Amino acid sequence: MVTGVGPIVWGMSSAIEVSGLRKAFGDKVVLDGIDLVVASGTVFSLLGPNGAGKTTTVNVLSTLMKADGGSARVAGHDVDAETQAVRSAIGVTGQFAAVDELLTGRENLQLMADLHRVSDAGPVIDRLLERFDLVEAAPKMVAGYSGGMRRKLDLAMTLVGDPRIIFLDEPTTGLDPRSRRTMWDIIRELLADGVTIFLTTQYLEEADQLADRIAVLDQGRIVAQGTPDELKRQVPGGHVRLRFAGPADLDRAAGLFPDSTRDDETLTLRVPGDGGTESVRVLLNLLHDNTIHPEDFSVHTPDLDDVFLALTGRSSAEVVK
Amino acid sequence: MTDSVIMLRRNFKHVVRNPTTVFNAVLFPVVIMLMFVYVLGDAFNVGENYVDYATPGLMLLAICYGLSGTSTAVASDMTKGIINRFKAMDVGRGAVLAGHVSTTIATNLVAVAAIVGVAFALGFRSSGGFLDWLGVLGLVLLTSFATAWITVALGLAAKTVEGAGMATVPLIMLPFFSSAIVPADKMGPGIKQFAEYQPFTPIIETMRGLLAGTPSAGSAIAAVAWCVGIALVGYLWSTSTFKKRA
Numbered sequence: 000m001v002t003g004v005g006p007i008v009w010g011m012s013s014a015i016e017v018s019g020l021r022k023a024f025g026d027k028v029v030l031d032g033i034d035l036v037v038a039s040g041t042v043f044s045l046l047g048p049n050g051a052g053k054t055t056t057v058n059v060l061s062t063l064m065k066a067d068g069g070s071a072r073v074a075g076h077d078v079d080a081e082t083q084a085v086r087s088a089i090g091v092t093g094q095f096a097a098v099d100e101l102l103t104g105r106e107n108l109q110l111m112a113d114l115h116r117v118s119d120a121g122p123v124i125d126r127l128l129e130r131f132d133l134v135e136a137a138p139k140m141v142a143g144y145s146g147g148m149r150r151k152l153d154l155a156m157t158l159v160g161d162p163r164i165i166f167l168d169e170p171t172t173g174l175d176p177r178s179r180r181t182m183w184d185i186i187r188e189l190l191a192d193g194v195t196i197f198l199t200t201q202y203l204e205e206a207d208q209l210a211d212r213i214a215v216l217d218q219g220r221i222v223a224q225g226t227p228d229e230l231k232r233q234v235p236g237g238h239v240r241l242r243f244a245g246p247a248d249l250d251r252a253a254g255l256f257p258d259s260t261r262d263d264e265t266l267t268l269r270v271p272g273d274g275g276t277e278s279v280r281v282l283l284n285l286l287h288d289n290t291i292h293p294e295d296f297s298v299h300t301p302d303l304d305d306v307f308l309a310l311t312g313r314s315s316a317e318v319v320k
Numbered sequence: 000m001t002d003s004v005i006m007l008r009r010n011f012k013h014v015v016r017n018p019t020t021v022f023n024a025v026l027f028p029v030v031i032m033l034m035f036v037y038v039l040g041d042a043f044n045v046g047e048n049y050v051d052y053a054t055p056g057l058m059l060l061a062i063c064y065g066l067s068g069t070s071t072a073v074a075s076d077m078t079k080g081i082i083n084r085f086k087a088m089d090v091g092r093g094a095v096l097a098g099h100v101s102t103t104i105a106t107n108l109v110a111v112a113a114i115v116g117v118a119f120a121l122g123f124r125s126s127g128g129f130l131d132w133l134g135v136l137g138l139v140l141l142t143s144f145a146t147a148w149i150t151v152a153l154g155l156a157a158k159t160v161e162g163a164g165m166a167t168v169p170l171i172m173l174p175f176f177s178s179a180i181v182p183a184d185k186m187g188p189g190i191k192q193f194a195e196y197q198p199f200t201p202i203i204e205t206m207r208g209l210l211a212g213t214p215s216a217g218s219a220i221a222a223v224a225w226c227v228g229i230a231l232v233g234y235l236w237s238t239s240t241f242k243k244r245a
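Residue numbers (numbering that gives the first Met the number 0), protein chains in the order written: chain A, 0 to 320; chain B, 0 to 245.
Warning: the hint list may mix true and false statements.
Unchecked claim - The following label-pair restraints were derived from C-beta to C-beta distances:
#: 1; chain 1: A; residue 1: S118; chain 2: B; residue 2: G91; range: 36 to 46 Å
#: 2; chain 1: A; residue 1: D77; chain 2: B; residue 2: Y196; range: 47 to 57 Å
#: 3; chain 1: B; residue 1: F22; chain 2: A; residue 2: A142; range: 41 to 51 Å
#: 4; chain 1: B; residue 1: G46; chain 2: A; residue 2: A142; range: 45 to 55 Å
#: 5; chain 1: A; residue 1: R220; chain 2: B; residue 2: L140; range: 47 to 57 Å
#: 6; chain 1: B; residue 1: D89; chain 2: A; residue 2: G121; range: 22 to 32 Å
#: 7; chain 1: B; residue 1: L235; chain 2: A; residue 2: E229; range: 51 to 61 Å
#: 8; chain 1: A; residue 1: D77; chain 2: B; residue 2: A105; range: 18 to 28 Å
#: 9; chain 1: A; residue 1: R116; chain 2: B; residue 2: G46; range: 54 to 64 Å
#: 10; chain 1: B; residue 1: D89; chain 2: A; residue 2: D125; range: 18 to 28 Å
#: 11; chain 1: A; residue 1: R116; chain 2: B; residue 2: M172; range: 16 to 26 Å
#: 12; chain 1: B; residue 1: K158; chain 2: A; residue 2: Q83; range: 27 to 37 Å
#: 13; chain 1: B; residue 1: L26; chain 2: A; residue 2: D161; range: 38 to 48 Å
#: 14; chain 1: A; residue 1: D26; chain 2: B; residue 2: S239; range: 20 to 30 Å
Stated by the list, open to error - Lysine to any residue pairs mimicking SDA-like chemistry, simulated, CA-CA at most 20 Å apart:
#: 15; chain 1: B; residue 1: K243; chain 2: A; residue 2: K139
#: 16; chain 1: B; residue 1: K242; chain 2: A; residue 2: G25
#: 17; chain 1: A; residue 1: K65; chain 2: B; residue 2: K242
#: 18; chain 1: A; residue 1: K139; chain 2: A; residue 2: L102
#: 19; chain 1: B; residue 1: K243; chain 2: B; residue 2: N83
Treat the hints as calculated values from the structure; they're not laboratory data. All values reported here derive from a predicted model rather than from experimental measurement. In this text, a Cβ means the ideal position worked out from N, Cα and C, and glycines have one as well.
The following block holds chain A by itself, in its conformation from the complex (with noise of 0.2 Å):
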C-alpha cells in the first residue's frame, strides 16, 4: 500500500479518496498514479478521452477491480478490505447500459427492489417510472427500448437501492441532445438530495455544466485538477471570431486587439476571451464605438480538444491512437 501522495485531507466529509491508484493490464499500464478526494453532496468529474483509464477508475472504486497499488476509500471503507460495505453504499450506472432485455422496465426494477429487500416496492418503482418518463414503458420488454430509455432505466435501476454515492460511467456517450439534457436534470436532482456522484464524461460541456470540481485524465495519469472556471482559465483557445467585409475594416479591428491574429486571405480576426458576456459585450462595444461593423460573429468555447492540447501537448484524437 502506498501512503498518500499530494495534498490529500483525509476526512469524515470525503465521499471518496484516491491515493496512488495503479493498475495495469499486464504490460499496459492504465492508471499511473491517481489522487483525487470528492467531496460529500458533490459532482465530480473525470474527464478524458477514450481509452485514458476513465473506465478503469470506475471499476476499481465500485469493487468490480482490484487496483495493483495505491489505496481507495470510498464512503469511508477501504475498497479492497471492506468491498461489502462500499458495495452497500454505492450505485454504479455503467457505459453499457446493465438491464435486462428480457424483461420488462417494471420487472427490471422489482428485480432490484427484490435484490434490495425493499419492503412495500410498489411505490418506489411507481415514483422512479414516474420521474425517468418510462411510466408507458414500462410493461413493455426492454429489448424494444431505445438507447435513451435504457440508459434512463438503468440509472432508475441504479437509484432502486437509495445510494448514497452514485458512479456514472459516461451517462451521456451515444444520447441525442434531449436524452442528454434529461439525464443533466436527473443528475442535478440526485445533486439537490444530497446524493455524491463521481461522472466521467468526453464531454467538456457536460463537466463543466454538473460537475464542482473536474479532473482531466490522460494516459493513467491525473494532469489538472480544479472547478471548471479555475480549468478553464489553464485552458486558451477560447476566442472570439469576427468577419469583416472588407480589409479596410479587418486593419481598424486589428489595431483595436493587438492581441488578434488576423487572417487577410479570409478577412477574419480571432480575439482570444473566455467567451463570457461580459467580455463579449466589451469586445462588441468597442467595435460599435469605433463604427466597425463585422459581418459575422461567433464565440468558440475551448473543448476537449483544447483542454488536451494545452495540458499535454497532443490533441485527444492521438491520445486514442
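Following the hints, complete the assembly by docking chain B onto the known chain A.
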C-alpha cells in the same frame, strides 16, 4: 427470498419468454421422440416394445437438449453489463450461478415430464413401482444438476454467446452415442466401446431398470458416481472461471 431464488425467477422468465429456448428444451425432444418411436421404431429390433426401450434414453436426451439454453444464458449474462450490476450490488456469484443451475433443472423437469407424458400416449408401459419412479426422479434431478454445472462452466468459459451455444453441441450429441436409441452392442467397433463406457449409458441403464421394475445396483452406482464427478468438475470449473472473469 434468497438471492438464488430471485435469480431463478428472473432466469425462468427468460426461458418462458424465449420461444427458441422453449422449443429446444421441451418441444424438440418430443419431436425426436415421435420421429424415433413413430417413424423409425418398427425398424429397430431391440427385443422389446421400442417405446419401452427408448423412453429412458429420450428422457436423458431431453435433459441434454435443455442445456444449450443454459450456456447461452450464462454467456449472455457475462457479456452484457448486467453481471457488473449484480456484482456491484453484492449479489453473490453463488446466487448468479445457482440461479442458472436451478433454472436448468426446472426446465429439464418440464421437458422430462413432457417426454414421459408422450411416451404413455405412444403405448409406453412401466412395471416399476412407486419407489422405482422415485428413483427415476432422483436420477433425473441428479443428472440435470450435474450436466447443468458443466454447462454453466462452458457458458462462463465461452468468449461469445454463439460460442457458448456451440460448446454444448457435444453434450447434446452424446446421448446418440450411448444406449439411448439402440443398444450399444449393436454399434460398430470403436463406437460400441465408447457407448459402453461413456457416462450416459449407466444413467440410462439405471433408469431403464427402474422403469422396468428390475433395478440394477451396478449401473446405479456407476450412474451416481459419474453424476457426482461431473457435478464436482462443473462446479469447480464454474467458480474458478467466474472469479477469473470477475
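Verification of the hints:
Separated by about 21 Å at the C-beta atoms, S118(A) and G91(B) break the suggested range of 36 to 46 Å. Distance hint check for D77(A) and Y196(B): the Cβ-Cβ separation is about 53 Å, which falls inside the suggested range of 47 to 57 Å. In this structure the supplied range 41 to 51 Å is violated for F22(B) paired with A142(A), their Cβ-Cβ distance being about 18 Å. Look at G46(B) against A142(A): about 51 Å separates their beta carbons, and that is inside 45 to 55 Å.
Checked against the given bound of 47 to 57 Å, the beta carbons of R220(A) and L140(B), roughly 56 Å apart, stay inside it. A hinted range of 22 to 32 Å for the beta carbons of D89(B) and G121(A) is consistent with their spacing of about 24 Å. At roughly 54 Å, the beta carbons of L235(B) and E229(A) sit within the given window of 51 to 61 Å. Our hint of 18 to 28 Å for D77(A) and A105(B) is violated, since their Cβ atoms are close to 40 Å apart.
At about 58 Å, the CB distance of R116(A) to G46(B) agrees with the hint of 54 to 64 Å. Checked against the given bound of 18 to 28 Å, the beta carbons of D89(B) and D125(A), roughly 26 Å apart, stay inside it. Separated by about 44 Å at the C-beta atoms, R116(A) and M172(B) break the suggested range of 16 to 26 Å. Taken as a hint, the range 27 to 37 Å holds for the pair K158(B) and Q83(A), whose Cβ atoms sit roughly 30 Å apart.
Range check, L26(B) to D161(A): about 44 Å between beta-carbon atoms, so the 38 to 48 Å window is met. Range check, D26(A) to S239(B): about 25 Å between beta-carbon atoms, so the 20 to 30 Å window is met. For the proposed pair K243(B) and K139(A), the alpha carbon gap of about 35 Å is over 20 Å, so the pair is violated. Note on K242(B) and G25(A): the hinted pairing holds, with a Cα-Cα distance of about 18 Å set against a maximum of 20 Å.
Restraint check for K65(A) and K242(B): the C-alpha separation of about 12 Å stays at or below 20 Å, so the hint holds. Between K139(A) and L102(A) the alpha-carbon distance is near 8 Å, which keeps this suggested pair within the 20 Å criterion. For the given pair, K243(B) sits about 14 Å from N83(B) by alpha-carbon distance, which is consistent with the 20 Å threshold.
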